[in-house]
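Undergrad: Below, each chain spelled out in residue letters.
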Amino acid sequence: MSVNAFYLRTPLRRLATLLYRRGGLLLTVLLGPPLVWFCVIYLGSLLALLWQGFYSFDDFSMSVLPKLTLANYANIFAHGNFEIVLRTLAMATSVTVAAAAIAFPIAYYMSRYATPGIKAFFYIGVMLPMWASYIVKAYSWTGILAKGGIVFWVFGQLHVTWLLDALLQLPYVGGSTLSTSNLGRFLVFTYIWLPFMVLPIQAALERVPPNLMQASQDLGARAGQTFRHVILPLAFPGVVAGSIFTFSLTLGDYIIPNLIGPPGAFIGNFVYIQQGSVGNMPMAAAFTVVPIVLIAIYLTFANRLGWFDAL
Amino acid sequence: MTNAVQFIEVSRSYGNVKAVDRVSIAIADGEFFSMLGPSGSGKTTCLRLIAGFEQPSSGSIRIHGEEAAGVPPYLRDVNTVFQDYALFPHMNVRDNVGYGLMVKGVAKAERASRVAEALALVALADYGDRKPSQLSGGQRQRVALARALVNRPRVLLLDEPLGALDLKLREQMQGELKSLQRKLGITFIYVTHDQGEALSMSDRVAVFNHGRIEQVDTPRNLYTRPSTMFVAQFVGTSNVIDGERAKVLTVGATAFSIRPEHIRLSALPAVGAGQVSVFGQVRDVQYHGSTSRVELALDGGAPLVVSVNNDETGESDLPKVGDPAFAAWPQSAMVMLKDRLE
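Protein chains in written order, with the numbering used here: chain W, 612 to 922; chain E, 3 to 344.
Chain W on its own, in the form it takes in the complex (with noise of 0.2 Å):
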């Protein structure tokens, strides 16, 4: 053991020593490979499908011509067509509206009074149902929100059902019973993804130093300014990264329209009935393109409100 390994020259030592020397080289060989997979599958396929919209689909051959033309991207302000982009817009924002307004006081209880066991607990009651298979789930609350199920008999047996039909009777909202309603529908998204709003919010409320809050009081700030001067603009960063989560993950959708709530497509179905009983490649492609617009221009919005400035 008297000779260093230090001075040996064998050909590894030699390789470390080279990679010592060139840095780049070293880099190179570390950030290389992902870089390629990155590039290639996420951003190339990206491109790929932004292209795919650019191209005719024949609908006498039901084929794909590479002649490209605008008229898949120009198809989507159709009549019917952006109905479909309204009403899954229109779901996306009332589920994260909802999503954040549920998750604030859990991710603020979570972070700020909580012991440590029971953070744990509210952890594991998060992420329990994350972890259990989504289409289970979604057809749970079929029967959950059908007509003689659980929702229904709980309203019956505390004789208040003349409220639930009153709400069935809303328009746009309403519906038959309630799993045919946007309501149930709207029920059930809220519930899949509000875990994907309460750990973030959780996370950024977490950093938050609480002598903040103790600066905010020692100034003279009530509670309530407290929480709108201090907590919120810096947990606000939590609340957009959790809504970018819900507000995609419903856009994108397209299991729990099938199974709950009125007849009438989203962006998720309809690419789903383009690409797979049509085989309108194109169109489908243009039409994926709406969510990815959607988010970016939701991303624009928040950045110019300064919803980021706490970042």
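Rather than coming from a laboratory, the hints here were simulated on the basis of the structure. Note that the structure is predicted; figures quoted are calculated from it, not measured. Treat the hints with care, since some could be wrong.
Stated by the list, open to error - One-sided excerpt, in silico: chain E residues whose CB lies under 7 Å from chain W:
id, residue
1, Ala53
2, Ser59
3, Tyr76
4, Asn81
5, Thr82
6, Phe84
7, Tyr101
8, Gly102
9, Val105
10, Gly107
11, Tyr289
12, Gly291
13, Arg295
Claimed, not checked - Label-pair restraints from in silico Cβ distances:
id, chain 1, residue 1, chain 2, residue 2, range
14, E, Asp168, W, Tyr745, 20 to 26 Å
15, E, Ala114, W, Tyr653, 47 to 53 Å
16, E, Gly72, W, Leu916, 36 to 42 Å
17, E, Asp319, W, Pro820, 54 to 60 Å
18, E, Met338, W, Phe838, 52 to 58 Å
19, E, Gly72, W, Phe838, 21 to 27 Å
20, E, Asp86, W, Pro644, 54 to 60 Å
21, E, Gln136, W, Pro644, 18 to 24 Å
22, W, Leu916, E, Ala114, 19 to 25 Å
23, E, Asn312, W, Arg632, 50 to 56 Å
Said to hold, decoys possible - Computed from the model, here is a short list of chain E residues facing chain W with C-beta under 7 Å:
id, residue
24, Pro75
25, Ala88
26, His92
27, Arg96
28, Phe328
The beta carbon of each residue, even a glycine, is placed where N, CA and C say it ideally should be.
Given chain W, put chain E in place with the hints provided.
TA: Structure of chain E alone, referenced to chain W:
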């Protein structure tokens, strides 16, 4: 004159731990008052009791004569400069400083002029648009100061405000804080574990230990007339001598303290009225610029620290490690100590 802040038998316990134990103090209006002590001695808890972040378990706290128990922090006429500044990271300097005025609904125009005035006071007039993250530690410190002072509190609480600054900046800020306090004439209550800081700035200092106050006095009295062993050892360097040797040297006292600068070294035992002399062996000699620190080992190994003035004593006259030496001091320089507070 009413006191700015008065503690009457105040205790604060967490479970079985008494962070503050029957503390009574009266802080005069316009006083620069320091709370000095090691970490965990209860000084910061006292400050938080005044700010309203903590409530006393028993006893009474009065702020300008009014009972403070149950009054939330946002209704108290006191402001705090926090240890790590606690600036709002999402607001620029101007909004940070104007925060207290904004939440109290002060009109925009008045707010702007008062913020400008406060920033000028701390020499940061041109920094209004910066974010806290773009400032140095010293500048953040000034912003925190301006943010508190803009509310014109009658009592300013400072929680180790200079702790995070380097030595030069700390000394400069000490001077500025003191002159600011003189200029504004408001009460400063200053928490620190740095005895030098407490002595140099304060009108009076309360020395905390284990949740209790050992002594409240002027810096000069604390240094020259410490009343307990803890104060003698915590404030400045001191030789505390107790036990059998103390009894012999003082004719009966349990303990006394003697400052290193009052002790003279000589090769022969000092003779003369009012002189006390002991014999020891030099254990260590350290050069400290204007003085040298000589540590003797007395019989039985007890250390005695002696400060030798380097202007008066040449290098060749300094004792060497291992040399035998006599240490002598005038009886008048000895301070008799109580063993502990009861």
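Undergrad: Each hint should be assessed against the structure and marked as holding or not.
TA: Consistency of the hints with the structure:
Evaluation of the Ala53 (chain E) hint against chain W yields a held restraint, the C-beta minimum of about 6 Å falling below 7 Å. Checking Ser59 (chain E) against chain W: minimum C-beta separation of about 20 Å lies over 7 Å; hint violated. A cut of 7 Å between beta carbons decides the hint on Tyr76 (chain E): the least distance to chain W is about 5 Å, and the hint holds. Below 7 Å, beta-carbon pairs count as interface contacts, and Asn81 (chain E) has one with chain W at about 6 Å; its hint therefore holds.
Because the beta carbon of Thr82 (chain E) sits about 5 Å from the nearest beta carbon in chain W, less than 7 Å, this interface hint is met. Annotation: interface hint on Phe84 (chain E) holds; nearest CB of chain W at approximately 6 Å, less than 7 Å. Interface hint at Tyr101 (chain E): satisfied, since its Cβ lies 5 Å from the closest Cβ of chain W, which is below the 7 Å cut-off. For Gly102 (chain E), the interface hint holds, since its Cβ comes within 7 Å of a Cβ in chain W; the closest pair sits about 4 Å apart.
Annotation: interface hint on Val105 (chain E) holds; nearest CB of chain W at approximately 4 Å, less than 7 Å. Nearest Cβ of chain W to the Cβ of Gly107 (chain E): about 10 Å, over the 7 Å cut. The hint is violated. The interface hint given for Tyr289 (chain E) is broken, as the beta carbon of that residue sits about 41 Å from the closest beta carbon of chain W, more than 7 Å. With a cut of 7 Å, the hint placing Gly291 (chain E) at the interface with chain W is violated, because the nearest CB-to-CB distance is about 39 Å.
For the restraint placing Arg295 (chain E) at the interface with chain W, the shortest Cβ-Cβ distance is roughly 40 Å, beyond the 7 Å limit, so the hint is violated. The supplied range of 20 to 26 Å is broken by Asp168 (chain E) and Tyr745 (chain W), whose beta-carbon atoms lie about 56 Å from each other. Taking the beta carbon of each, Ala114 (chain E) and Tyr653 (chain W) are about 49 Å apart, inside 47 to 53 Å as hinted. Distance hint check for Gly72 (chain E) and Leu916 (chain W): the Cβ-Cβ separation is about 40 Å, which falls inside the suggested range of 36 to 42 Å.
Here the CB-CB span from Asp319 (chain E) to Pro820 (chain W) is close to 56 Å, well matched to the stated 54 to 60 Å. Between Met338 (chain E) and Phe838 (chain W) the C-beta distance comes to about 57 Å, which sits within the given range of 52 to 58 Å. A hinted range of 21 to 27 Å holds for the C-beta pair Gly72 (chain E) and Phe838 (chain W), which are about 22 Å apart. For the hinted restraint 54 to 60 Å between Asp86 (chain E) and Pro644 (chain W), the CB-CB distance of approximately 43 Å leaves it violated.
The hinted window of 18 to 24 Å between Gln136 (chain E) and Pro644 (chain W) is violated, with their beta carbons roughly 38 Å apart. Between Leu916 (chain W) and Ala114 (chain E), the C-beta spacing of about 24 Å keeps the proposed range 19 to 25 Å intact. For the pair Asn312 (chain E) and Arg632 (chain W), the beta carbons lie near 53 Å from each other, so the given range of 50 to 56 Å is met. Interface restraint check: Pro75 (chain E) against chain W, minimum CB-CB distance 4 Å, threshold 7 Å, status holds.
Taken as an interface hint, Ala88 (chain E) checks out: its beta carbon lies about 4 Å from the nearest beta carbon of chain W, inside 7 Å. Annotation: His92 (chain E) was flagged as interfacial toward chain W, and the flag holds, the nearest CB pair being 4 Å apart, inside 7 Å. Taken as an interface hint, Arg96 (chain E) does not check out: its beta carbon lies about 14 Å from the nearest beta carbon of chain W, beyond 7 Å. The beta carbon of Phe328 (chain E) is not positioned within 7 Å of any beta carbon in chain W (closest approach about 55 Å), and the interface hint is therefore violated.
Hint compliance for this structure: hints 2, 10, 11, 12, 13, 14, 20, 21, 27 and 28 are broken, all remaining hints hold.
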